[in-house]
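K.L.:
Each chain is listed here by its residues.
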Amino acid sequence: MEKRVTFKGWLLPLCLIAPQVLVSAVFFFYPAGQAIYQSLFIPDPFGLSTQYVGLGNFEFLFSDRFYRTSFLTTAIFSTLVTLASMIPALFLAVVADRLIKGAGVYRTMLIWPYAVAPAIAGVLWLFMFNTRVGVVSWYLGNLGYDWNHVLNGGEAMGLVVVASAWGRISYNFLFFFAALQAIPKSVIEAAAIDGARFWKRFWTIVLPLLSPTTFFLLVVNIVYAFFETFGVIHTITSGGPQQSTTVLVYKVFSDGFVGQDLGSSAAQSVVLLVVVGALTIFQFKFIERRVHY
Amino acid sequence: MRNLTTGALIAGSTMLSPFAAYAQTEVQFWHAFTGRLGELVAAQVEQFNAGQDDFIVVGSHKGNYSETLNAGIAAFRAGEQPQILMVFEVGTATMMSAEGAVRSVTEVMEASGADFDPDAYISSVNGYYTNTDGEMLSLPFNASTPVLWVNRNAFEAAGVDPDTDLSTWQNVGEVLGQLQDGGSTCPLTTAWQSWIHLENFSAYHDVPFATQDNGFAGVDTELAFNGPAQVAHISAMGEWAQDGKFFYAGRRNEGGANFRAGECALFTESSAGYAGIKAEAAFDFDVRPLPYWDGVGNSPQNTIIGGASLWVMEGHEAAEYEGAAQFLAFLSSSDVQSKWHQDTGYLPITTAAADATRAAGFYDENLGTEVAVIQMTMNEPTANSKGLRLGSFDQIRGIIDEELEAVWVGDKDAQTALDSAVERGNVLLRRFEQAN
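Heads up: the sequence lines are chains A and B, in that order. Residue 1 is where the first sequence starts when you use the numbering used here, and the numbers rise one by one after that. Residue 1 is where the second sequence starts when you use the numbering used here, and the numbers rise one by one after that.
Looking at chain B on its own, in the form it has when it is part of the complex (with noise of 0.2 angstroms):
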């Protein structure tokens, strides 16, 4: 209702004045960002306000991104939510089964009469935010995938060649031995061990990390990440952590300062952490695909996103969503993806941008930055590898953690961690089915 009369007064007094400024619709857009991401986003923000004259879109930081969907949630239920709202990809679940808070990107883009074409966007990024009947629920902005980071310089301190194959985890766990023999205190070490050891693992190897499509397919989902696989891998990891060849930073990316600061050879972290590594690292470094476990499929599968992306909230005026609709297509376009793209690690959204940037020989002059996207393309995604939809999953992934963290010290075999990783992560699906 207030809504209603705000934008009856706005209207009015657009038809009074005589000046164009004021017939300016305003879209808020609340964010995660800070520091130079956050610079960045202001940037494009401000780009796009200075194309046009119709809508000024306003970008306000609200937090990390637990403390952006809370903000959102709690000025939805005030009557104040922003028109766009950044989401992790972890809150996918939650903002999907919350119908009547948001409005799936396809309608509004459809409505708005904006460029838009659902199959200019990458597939395997695309695929996260895109329902079963096709409908792409939000727009994939910022997503990053796992890679591999070798340190060359370890490599070369501890007598082992740096150009050594990495494809494959019998190959790494073997460098492993030798990087420790050769004096090596951290051989390995990793960030988001759930996102990249269980989820992009099964992704990758292409088993299920829960059942119904990972949660594709209903809220009725089981998960099923202690196959044989998972199992194997976690076991190895643990034999690593417990033989000292992997070192347990901690739950976030903690291991990354470590890795910066030239201690560990080997680091499995997101493509997005190029920016930093590029700016801090005091040594030659590489970027490999993520490893795979030779004889556990045929081949490398892909690997899914990590990051956030943008929902668009119900309950505003028509204007206001055109607004919104064009502020999307304009952040999809080639120019802003692949700039964003080439600026900060994260996947380029679009394979126009992706193609732009390889044009422009950005690849080849920073040798590595293409292969999170070949690993993201490499395949067309599978029920297994399209994504997960999770409800209450940042709390999973909390149980996920506390499990891992008893195999790392050895208290818990690998079978015994995983099931009851899986047994407790169940509980809290089938809560959040009660609720939705």
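Same shape as in the complex, but just chain A (with noise of 0.2 angstroms):
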């Protein structure tokens, strides 16, 4: 079934759209026009020579091998930063619906962490964690576990994407609590008087309802661990040890800012513009298939 509203005239239709046509051309088309552009050059950082080069930023990008693995790594970490985003986030929403007495109080608390700048976040977790004086870190070596996340690729994974994940998880959070809210109680009664215990009307019932939502936190937050990741890591990691958690987006980061290489970083926004926008048609055409408007 296709909703669809009807204007008459074009004038109407062209001022609610113009707007938002706008926004998206200033601050998304021009600069990725600009990338584009600028990936096809070698300048020099204060811009006073640039060099044609064509594809040669690409064919160098793709000549280096650790810059093919950082697509396994950003798979693997954007993989968990949502699920590790969403998982506990939509939990912690069922279990505030659930809340008759204090219920502002919790969603309040829950909400706190959203508001911290993930690269506080970052400092945070890192001393959390740091392998001499972290807490953590301290309580894991009593229980005889040797953390060390400066030399330990995984271990250094794992920091990141609880980093990354912690103040989305607010967020999320948000999201399917006010969904879960939407949810007619009587759907729920019903079901209940039928004798389907809290499992079976969460799976069958819940959870379909919850798919719009779902589905627009999975978008956004792929996108997030995808852009918006590089603070963190940067505080934590810095890409290492031995890039492995060197993500795309920070590879864009660290060669564009700290190493002043700006064709390279184009490119590598170019590449990351196409995965990303492979990535957001992929979950369009095939998941929202199974989203229930």
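In case anyone wonders, no lab produced these hints; they're calculated from the structure. For glycine and all other residues, C-beta sits at the position ideal for the given N, C-alpha and C. Incorrect hints may appear among the rest.
[Unchecked claim] Taking CB as the label site, the calculated pair distances span:
| id | chain 1 | residue 1 | chain 2 | residue 2 | range |
| --- | --- | --- | --- | --- | --- |
| 1 | A | S24 | B | A43 | 45 to 51 angstroms |
| 2 | A | A278 | B | A43 | 52 to 58 angstroms |
| 3 | B | G244 | A | F29 | 54 to 60 angstroms |
| 4 | A | R65 | B | E99 | 32 to 38 angstroms |
| 5 | B | A42 | A | S24 | 41 to 47 angstroms |
| 6 | A | F62 | B | G159 | 54 to 60 angstroms |
| 7 | B | A282 | A | D146 | 24 to 30 angstroms |
[What the hints assert, rightly or not] Derived list of chain A stretches under chain B, where covered just means 3 residues or more per stretch with a C-beta under 8 angstroms from a C-beta of chain B:
| id | segment |
| --- | --- |
| 8 | 239 to 250 |
| 9 | 257 to 271 |
[Stated by the list, open to error] Covered stretches of chain B (chain A as the covering partner; in silico rule of three or more C-beta atoms under 8 angstroms from a C-beta of chain A):
| id | segment |
| --- | --- |
| 10 | 91 to 104 |
| 11 | 228 to 236 |
| 12 | 258 to 264 |
| 13 | 389 to 401 |
Relying on the hints, combine the two individually framed chains into one complex.
P.N.:
See below:
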């Protein structure tokens, strides 16, 4: 079933769509065009001279085995971040939804971490897991586990995933919570009268009714994991050890802002743009079909 | 054009205005210092402003070293660059290649007639920022060099004589074993591993870090730190890491926290760690010269500096350059420098400042503070020990960090790791060459 609103004439629809188009043009199409244009050049940092290299920047990138590996790293990282930020959020939302007393307080507290800037969150987690002075690593040490994310790639990955997902849980919680509240109580009650237990009700009624929200959050969180996590990674691991936490967006940041290699950085953002574009198309083509509105 | 208009307006208003204060030319100074260092820089700026009426220096903090460099670059692209920009030592090649964006300090000083004698500067400090034609490109402002910090109490606790000779790595190796046997959980740690254990190591042992005089002679340079001397050192460090004698805390100065907490017995770190260690350490400490591998060369050469220098940027009015020159001359004056040196542990950049500090008895009262100065000045720098001038060096350090981490964790042997770092770094150098 398709829902469609038909306008008479063209002025009103044009006016309605214009702000969105304008914003997209200024903040998305223009910069994206610039990135594509810049990816064809090797400029010096000060912009005093630029050299046209055609696809040279891309050639340079893909001849780097670490860059190729970072696709896999990014896939692992963004999957883990998405799962680690959505599943606990859903769980917390379900629990908070069942609360009768003090729901407001819990809600506020659960939303707090979202107000913490990514870099600050990174430093916070870094302190807790500092190999020598961290609280968590100290307890782990007492349990006989020698925590060292500075040299252990797996642990480093775990730490940046947790630090990246932590603040997002709040954001996701908000959406899940609102969606849960929007589910008509009568439907749940009817199912309960029919004898459906909590889990049965959750799987067959609640979850399907949450699917539009879940889908929206899936897209948003993947985009987050792809684009906004470099602050956390920069503060915790700087992409190390041995590039085990160098995801694509971190490399864009470090080559552009640390290495001053703007050509390579531009080429990488074009690659990233293509990857995320493809991913979004895939999501809308295949996953959205399973969403019930 | 806009600068010209503003300049004309200011000039016009000056002529009309009866107030002398309006005649002050503003000089923007962007730096990367916060906290104690930020206060000290602010005090210097204030002192300069109070000392004369013609110029007013405006100091602004622009983030850490990388961020300050980025801010300067972005401002230049927007035509809003400051007159003076602080750039850390690894950004030197980037700045030097930016002809048209920077004006050499020699040129600025000579044009203004400010006090300037390149020979007054300690040559191993000055040399880092001087090109092969002898022209000083930027003013070395805060320069430090690595030394060995010793926790005497940790030595005693492990039953090792704290006065043991630690001048060679051979001796250090033996002591590490004794410390471990004596129960130390962290016999040795380090800050800035690439800077200390490869860059300074190479200079100190007079072996090349890169070809073309470590990049001073041209951008067609290639890395060369995979030679036998460096491999032997990194191998030894790798074995110590495997045996638990060397504790690796991280790429920057994370190890400092462990040392200051009293956990580690030995610590290789910048001389500028002095302020922090003195403030926090609840134990007796020593400053020793960086150890040397006996048998690699004849004797230690000199170490090289880290830190930052001040660059004068292009695109300003003559009067502003004059102000910049006056300020730089003020900063390198003996009084200002010796105070800065004593407050921070950074090196004095002029011989006069070092002499004044010595004459004031500071070195006698604060034992070990002279070690860095001696280490820097004991020999005339060679092509291998003058400094490093490599493009994309921040990124190359990142590569070195990765490969060294592979050695510490036991994934790679020293030769393989250093070969790989050289190979990967050379790719970046070729790219830098192409861009500049």
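K.L.:
Take the hints in turn and mark each one as holding or not.
P.N.:
The hints, checked one at a time:
no.	hint	verdict
1	A:S24 / B:A43: 45 to 51 angstroms	holds (50 angstroms)
2	A:A278 / B:A43: 52 to 58 angstroms	holds (56 angstroms)
3	B:G244 / A:F29: 54 to 60 angstroms	holds (56 angstroms)
4	A:R65 / B:E99: 32 to 38 angstroms	holds (35 angstroms)
5	B:A42 / A:S24: 41 to 47 angstroms	holds (44 angstroms)
6	A:F62 / B:G159: 54 to 60 angstroms	holds (57 angstroms)
7	B:A282 / A:D146: 24 to 30 angstroms	holds (27 angstroms)
8	239 to 250	holds (count 5)
9	257 to 271	holds (count 7)
10	91 to 104	holds (count 6)
11	228 to 236	violated (count 0)
12	258 to 264	holds (count 3)
13	389 to 401	holds (count 5)
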